[in-house]
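There are 4 protein chains.
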Amino acid sequence: MANNESKLNTTPLKATAKSDKQKFLQAGTIEHIDVTKQPGIVPIVDAMRTMAFSSRDLARAADIYERMLRDRECGVILTLAGSMISAGLKKVIVDMIRNNMVDAIVSTGANMVDQDFFEALGFKHYIAGEELKSGLYDGELREHALDRIYDTLIDEEELRVCDETTGKIFDELEPRAYSSRELFREFGAYLERTGGPKCDDSIIYEAYKRDVPIFAPAFNDCSAGFGLVAHAAARGDRPRMTWDGGKDFYELTQLKMKSKDTGLFMIGGGVPKNFTQDIVVCAEVLGQDAPMHKYAVQVTVADVRDGALSSSTLKEASSWGKVDTVYEQMVFSEATLAVPLIVGYCYHKGAWKNRTAKKWSSLLEQPAEATA
Amino acid sequence: MANNESKLNTTPLKATAKSDKQKFLQAGTIEHIDVTKQPGIVPIVDAMRTMAFSSRDLARAADIYERMLRDRECGVILTLAGSMISAGLKKVIVDMIRNNMVDAIVSTGANMVDQDFFEALGFKHYIAGEELKSGLYDGELREHALDRIYDTLIDEEELRVCDETTGKIFDELEPRAYSSRELFREFGAYLERTGGPKCDDSIIYEAYKRDVPIFAPAFNDCSAGFGLVAHAAARGDRPRMTWDGGKDFYELTQLKMKSKDTGLFMIGGGVPKNFTQDIVVCAEVLGQDAPMHKYAVQVTVADVRDGALSSSTLKEASSWGKVDTVYEQMVFSEATLAVPLIVGYCYHKGAWKNRTAKKWSSLLEQPAEATA
Amino acid sequence: MANNESKLNTTPLKATAKSDKQKFLQAGTIEHIDVTKQPGIVPIVDAMRTMAFSSRDLARAADIYERMLRDRECGVILTLAGSMISAGLKKVIVDMIRNNMVDAIVSTGANMVDQDFFEALGFKHYIAGEELKSGLYDGELREHALDRIYDTLIDEEELRVCDETTGKIFDELEPRAYSSRELFREFGAYLERTGGPKCDDSIIYEAYKRDVPIFAPAFNDCSAGFGLVAHAAARGDRPRMTWDGGKDFYELTQLKMKSKDTGLFMIGGGVPKNFTQDIVVCAEVLGQDAPMHKYAVQVTVADVRDGALSSSTLKEASSWGKVDTVYEQMVFSEATLAVPLIVGYCYHKGAWKNRTAKKWSSLLEQPAEATA
Amino acid sequence: MANNESKLNTTPLKATAKSDKQKFLQAGTIEHIDVTKQPGIVPIVDAMRTMAFSSRDLARAADIYERMLRDRECGVILTLAGSMISAGLKKVIVDMIRNNMVDAIVSTGANMVDQDFFEALGFKHYIAGEELKSGLYDGELREHALDRIYDTLIDEEELRVCDETTGKIFDELEPRAYSSRELFREFGAYLERTGGPKCDDSIIYEAYKRDVPIFAPAFNDCSAGFGLVAHAAARGDRPRMTWDGGKDFYELTQLKMKSKDTGLFMIGGGVPKNFTQDIVVCAEVLGQDAPMHKYAVQVTVADVRDGALSSSTLKEASSWGKVDTVYEQMVFSEATLAVPLIVGYCYHKGAWKNRTAKKWSSLLEQPAEATA
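Residue numbers (our numbering), protein chains in the order written: chain A, 406 to 777; chain B, 406 to 777; chain C, 406 to 777; chain D, 406 to 777.
Among the hints, erroneous ones may be present.
For chains that are exact copies, the list does not tell them apart, and a pair is met inside one copy or across any two.
Unchecked claim - Restricting the straight-line Cα-Cα distance to at most 35 Å, the calculated cross-link-like pairs of lysine-lysine (DSBU-like) are:
id : residue 1 : residue 2
1  : Lys764    : Lys665
2  : Lys529    : Lys758
3  : Lys758    : Lys428
4  : Lys426    : Lys573
5  : Lys663    : Lys426
6  : Lys529    : Lys573
7  : Lys428    : Lys529
8  : Lys665    : Lys573
9  : Lys529    : Lys754
10 : Lys573    : Lys754
11 : Lys614    : Lys665
12 : Lys426    : Lys529
13 : Lys428    : Lys614
14 : Lys665    : Lys529
15 : Lys603    : Lys426
16 : Lys428    : Lys764
17 : Lys573    : Lys428
18 : Lys573    : Lys758
19 : Lys754    : Lys663
20 : Lys665    : Lys426
21 : Lys426    : Lys758
Derived from the structure by calculation, the hints contain no laboratory data. All values derive from a computational prediction rather than experimental measurement.
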């Protein structure tokens with residue numbers, strides 16, 4: 406060896422157990438995505454399976470959702486938080502309903518009432534100019550009765566019509582306690598008797614037609630909340646309808662008890678995530694040893710380090726006995742990027758074609774009404 | 406100039422309007438914190454005022470909270486999301502109640518029931534070992550009936566006692582619809598008649614004693630939800646109590662309508678944040694042109710770019726007519742770091758000493774019961 | 406109006422200037438993505454343009470990159486931080502080089518040396534099992550000489566061969582100061598004379614063949630750093646080659662001075678982002694009033710609230726005179742999701758077909774060698 | 406049991422191994438911080454030890470730093486990324502130097518040159534008004550030659566003086582290759598011969614006086630980079646000084662080889678983090694089996710899910726053989742909040758009083774100059 410060559414020390418690498426190094430390398434090698442040959446959703450997601458970071462997680466989440474759909478015994482529950490409908494994901498969810506890719510929806514009230522029902526009444530969401538995101542124009546927006554969601558605008562005058570419509574629907578109900586599921590069916594019936602949605606697609610309407618139950622466990626915290634208050638104020642001391650949040654929990658738990666195997670597709674976290682995970686424990690409280698959710702996928706950018714539920718891992722949920730850990734995957738992505746890829750992938754893979762509608766709404770309407 | 410010196414071009418800096426550069430520099434210069442001389446909370450926060458990033462935001466938030474407390478006309482509403490009580494912030498909030506630093510609390514159910522009431526029943530939260538945060542032991546934790554919140558453990562058997570206790574309290578109530586505020590008062594009364602909390606401090610108990618109303622707008626989504634379901638299952642067709650989430654909204658709005666000026670101290674986002682901001686609009690729906698929340702502070706690590714409400718800026722809220730923008734500040738920090746500093750600062754500054762208790766619970770108990 | 410109907414107050418909405426509300430609504434309405442009809446990259450990105458949040462930002466970023474490619478006067482500089490090559494993005498970048506979609510690359514050393522050159526030597530990156538992400542097996546991985554990057558494994562023994570190879574290349578160079586660009590050309594020449602890369606694609610090799618310069622402004626901070634140290638240790642007091650980081654800055658600035666219009670496609674932040682933005686100011690220091698970067702796109706999940714450069718907005722860069730603000734867009738997404746969509750979109754749109762190679766390496770080799 | 410009581414099912418909790426549940430509960434219970442009685446930094450951090458989330462992590466990080474200081478054999482290396490000096494942390498770091506709480510600093514160039522040296526030349530950083538954070542005024546700031554770092558302003562005309570001063574210092578050096586450490590000593594010497602810093606405190610000056618070496622492994626990527634380019638341009642073909650980044654790596658590795666036990670206090674990530682971790686491997690390359698860094702603390706808000714080095718866990722570093730995992734802790738906090746608490750805690754605990762200065766600069770000046 407010539408004098409001026411470097412003498413790199415490669416020997417003392419401490420690979421003391423080289424013989425079984427392979428046990429860590431079973432999962433294969435990273436392969437590089439080729440965007441010149443793979444223009445479609447299915448090959449894109451397929452290519453992501455051998456990449457790293459969020460892309461691999463996304464592919465794995467798509468595989469798990471695909472597996473839920475292939476599992477004929479499994480009921481699929483979609484949970485929805487964040488402003489997903491105003492962000493352009495309405496048709497994705499409507500297509501999930503139409504094609505038996507979801508059996509129940511647990512959502513924030515805003516996604517269903519302020520956004521889906523709002524559009525069903527014929528209104529639209531507007532694209533905000535980039536400069537509005539700075540917040541410096543919010544005072545001026547207020548003067549124009551325009552509400553901002555990050556980069557999107559809502560005409561507050563139109564939203565007030567939505568508020569008012571929910572109040573009118575409540576005014577016509579017989580005075581008793583309702584679950585949010587029952588109320589969403591009333592919203593669907595309202596759309597039906599007023600000529601259907603005044604837009605191409607509506608989650609509430611589609612779910613109404615196909616017996617897919619929708620729950621909003623914080624139903625008071627949305628446009629419908631104004632309707633509830635207006636109804637209560639108008640009735641004064643006379644009997645009135647109320648929203649019974651406990652009944653929501655009871656009903657969703659009954660679905661778990663009847664369905665046994667369940668899979669969760671969670672978009673964002675919040676109350677919908679926690680509430681839906683909790684039905685496993687609630688079934689136990691009611692004396693039935695229901696299995697944990699068998700599959701679970703969550704798309705979120707929430708940071709696990711604040712200890713909040715929205716970001717809590719699905720493994721953590723398993724310590725509570727809520728989610729099984731064999732088929733669980735979190736995807737670190739804002740939902741408008743990841744959800745079209747995951748649902749598009751599973752739509753085109755077609756497992757839903759062998760799936761029959763579970764029609765959980767009708768399941769609830771007999772015994773639930775009787776006992777609750 | 407010597408030949409070998411560099412000729413740096415400093416002239417063409419385009420400072421075309423140098424004469425008014427000072428208009429951007431009015432806020433003063435950055436001063437460096439000195440930790441050798443400033444050991445106390447007050448001088449630490451004072452020093453942060455002339456630093457940058459989260460420290461300056463924290464100091465400004467403390468100043469705004471201080472300003473809320475000095476404003477005799479202003480009612481202070483605390484909103485709570487995330488597992489804050491299990492994380493060690495219980496006494497901070499109890500001290501806020503004791504010293505007239507808060508007039509109403511809007512919280513996730515879990516903070517109040519699963520965590521504060523749980524500790525009031527004599528149970529404790531446990532510190533989890535570092536390795537448990539990996540999630541790899543969650544299956545084993547499940548076998549031992551230990552629930553994990555990030556780095557904290559709860560004994561599930563103890564939590565079931567908490568669930569059961571809520572059910573017992575509900576069983577004893579006369580069958581009608583209740584707001585969560587009314588139910589929290591029943592929890593406080595339960596503690597009173599069973600000898601007080603079995604620990605040093607309890608938010609629910611302290612609030613009960615001092616007429617500070619507590620709301621959980623998603624009251625079904627916590628330990629009490631199990632109690633609601635158990636109560637409903639036990640009652641079957643017989644009359645029963647229900648939780649009326651619409652009444653929560655009605656009551657909190659009435660406080661806004663009676664109080665006029667309000668300030669928000671928000672720890673985390675979620676339903677408590679949205680719900681509390683919405684009461685301004687709800688007052689308008691009820692025909693009263695209530696002013697926007699005059700002050701608003703939020704401590705959160707949520708990322709604004711997912712468009713969700715938890716992370717939405719307080720400026721954005723002003724486009725909805727909910728929050729005024731003169732005195733608003735978000736603090737990017739996990740709450741266990743920022744909240745002790747903010748509350749500690751304001752405690753030691755002492756503005757609360759000139760403040761009288763608003764006793765909003767009693768305010769609600771006369772007219773609200775009558776009209777709602 | 407019947408007595409029991411709610412009387413919602415919709416009048417006092419303060420839309421005092423309704424007549425010009427439309428000025429905020431020019432950008433059109435949110436349209437919902439249809440994943441059943443749009444399987445390809447181009448229609449997916451097109452659909453995202455009228456969605457919200459990250460999807461709209463991604464579509465806008467793709468449009469800006471497309472615009473850079475259509476602008477015949479514009480030189481495109483790619484900056485790379487984060488472990489992007491080990492994550493499966495190598496072929497995307499090689500295709501950018503092959504199709505005249507990039508004119509210069511500024512990267513962390515690791516992406517180029519530890520990952521691209523490493524694969525060119527015939528080695529692979531391995532997919533790590535999910536459980537390894539917990540960190541609990543890292544001690545065991547160390548014993549097996551396996552290095553982990555989040556969810557990916559590298560065989561340290563293979564990486565040492567890469568380190569050693571860089572040292573060998575340095576040993577054969579004449580002793581003088583080199584820019585990292587010159588050294589990457591030596592890496593390319595090494596691959597050429599040893600039979601080409603031992604894998605399908607190599608960024609360093611493709612850039613060498615096509616005269617696309619590569620810079621690593623922190624060239625000491627990667628596998629090549631070990632080579633530099635080994636070379637220095639072996640040479641002792643005798644003359645040796647050195648890496649001259651100042652020359653990197655000088656050379657990249659010269660490209661800016663010769664090219665005038667430039668566009669930045671930034672993946673991650675770090676030194677590559679800052680260094681490349683700074684060449685505008687450096688041109689000014691050298692006495693030439695170079696225009697700001699005309700276009701700028703960045704894909705990152707870094708949070709702006711820590712005040713660090715990686716997350717600093719492109720608007721902020723404009724206060725420094727570095728980036729123009731007409732065509733700039735940040736995309737909040739982990740890169741493995743967003744980059745294939747952006748590059749795939751622009752590849753299939755085909756603006757690169759009318760673009761000629763700028764061959765910036767040869768541009769530098771005449772005057773730069775003479776003057777620097 | 407009365408008929409109308411709920412029958413909660415608490416039995417089937419699957420706590421199959423109750424007898425050893427205690428093994429998970431050894432770490433004690435959560436105790437609630439009391440801000441009324443604990444105004445000082447030390448009791449605040451002490452109270453955080455039994456809280457959760459970031460507060461507990463911060464207390465553990467403070468304990469580890471305290472442990473580093475008590476370990477007489479351990480050399481402490483501070484790494485600095487992000488704009489920490491402009492943010493008000495200068496005096497904290499100066500106090501660390503003054504009180505033997507740090508033995509070497511590895512920093513971004515900007516913290517040392519653009520910020521500390523800049524202030525030493527008599528300039529100041531300015532507090533930006535809240536509205537400037539929106540980015541909408543950045544064009545106007547540019548016109549006024551004001552540079553923005555998030556919420557802080559720099560007068561670009563003053564910064565050009567700093568650029569120019571570095572060029573002048575380089576012009577006076579004998580033409581050879583320098584490590585950044587040598588160049589920082591020249592900066593210190595410049596301050597000394599021009600009458601000391603024109604402000605209360607300077608890291609570069611204090612480190613110069615106390616033989617604490619400072620490295621900037623990407624020294625070209627800051628104000629000094631402009632100086633390097635100006636110097637090179639002025640010299641033309643004549644001999645000139647160069648910055649030798651490989652020598653930085655060689656020198657820092659020699660410190661590791663001589664010191665053996667080392668502890669890292671990392672503020673932010675970036676090149677300083679990676680570079681400093683790598684010296685363990687580099688020592689091995691040079692034929693010495695140096696122990697991993699024994700202690701490691703990092704304060705960062707970077708998200709681990711992008712796979713980048715800045716956010717990579719200290720456990721992951723241990724798979725590379727860089728950091729031992731017994732005493733390592735990451736703290737999820739923006740640095741201006743956490744660093745004053747950690748350093749303040751350790752300052753007041755006083756372990757540094759028993760520590761002697763390692764004077765690593767002088768250590769390097771004998772053998773390093775001879776061999777490198």
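Hints versus structure:
{"no.": "1", "hint": "Lys764 <-> Lys665", "result": "within (15 Å within a copy, 48 Å between copies)"}
{"no.": "2", "hint": "Lys529 <-> Lys758", "result": "within (32 Å within a copy, 39 Å between copies)"}
{"no.": "3", "hint": "Lys758 <-> Lys428", "result": "neither (38 Å within a copy, 46 Å between copies)"}
{"no.": "4", "hint": "Lys426 <-> Lys573", "result": "between (68 Å within a copy, 28 Å between copies)"}
{"no.": "5", "hint": "Lys663 <-> Lys426", "result": "between (46 Å within a copy, 33 Å between copies)"}
{"no.": "6", "hint": "Lys529 <-> Lys573", "result": "within (21 Å within a copy, 47 Å between copies)"}
{"no.": "7", "hint": "Lys428 <-> Lys529", "result": "between (55 Å within a copy, 16 Å between copies)"}
{"no.": "8", "hint": "Lys665 <-> Lys573", "result": "between (38 Å within a copy, 28 Å between copies)"}
{"no.": "9", "hint": "Lys529 <-> Lys754", "result": "both (32 Å within a copy, 30 Å between copies)"}
{"no.": "10", "hint": "Lys573 <-> Lys754", "result": "neither (43 Å within a copy, 50 Å between copies)"}
{"no.": "11", "hint": "Lys614 <-> Lys665", "result": "within (24 Å within a copy, 45 Å between copies)"}
{"no.": "12", "hint": "Lys426 <-> Lys529", "result": "between (58 Å within a copy, 15 Å between copies)"}
{"no.": "13", "hint": "Lys428 <-> Lys614", "result": "neither (52 Å within a copy, 39 Å between copies)"}
{"no.": "14", "hint": "Lys665 <-> Lys529", "result": "between (39 Å within a copy, 33 Å between copies)"}
{"no.": "15", "hint": "Lys603 <-> Lys426", "result": "between (62 Å within a copy, 23 Å between copies)"}
{"no.": "16", "hint": "Lys428 <-> Lys764", "result": "neither (46 Å within a copy, 45 Å between copies)"}
{"no.": "17", "hint": "Lys573 <-> Lys428", "result": "between (64 Å within a copy, 32 Å between copies)"}
{"no.": "18", "hint": "Lys573 <-> Lys758", "result": "neither (39 Å within a copy, 47 Å between copies)"}
{"no.": "19", "hint": "Lys754 <-> Lys663", "result": "within (28 Å within a copy, 51 Å between copies)"}
{"no.": "20", "hint": "Lys665 <-> Lys426", "result": "between (41 Å within a copy, 29 Å between copies)"}
{"no.": "21", "hint": "Lys426 <-> Lys758", "result": "neither (43 Å within a copy, 46 Å between copies)"}
The structure does not agree with the numbered hints 3, 10, 13, 16, 18 and 21 stated previously, though it agrees with the rest.
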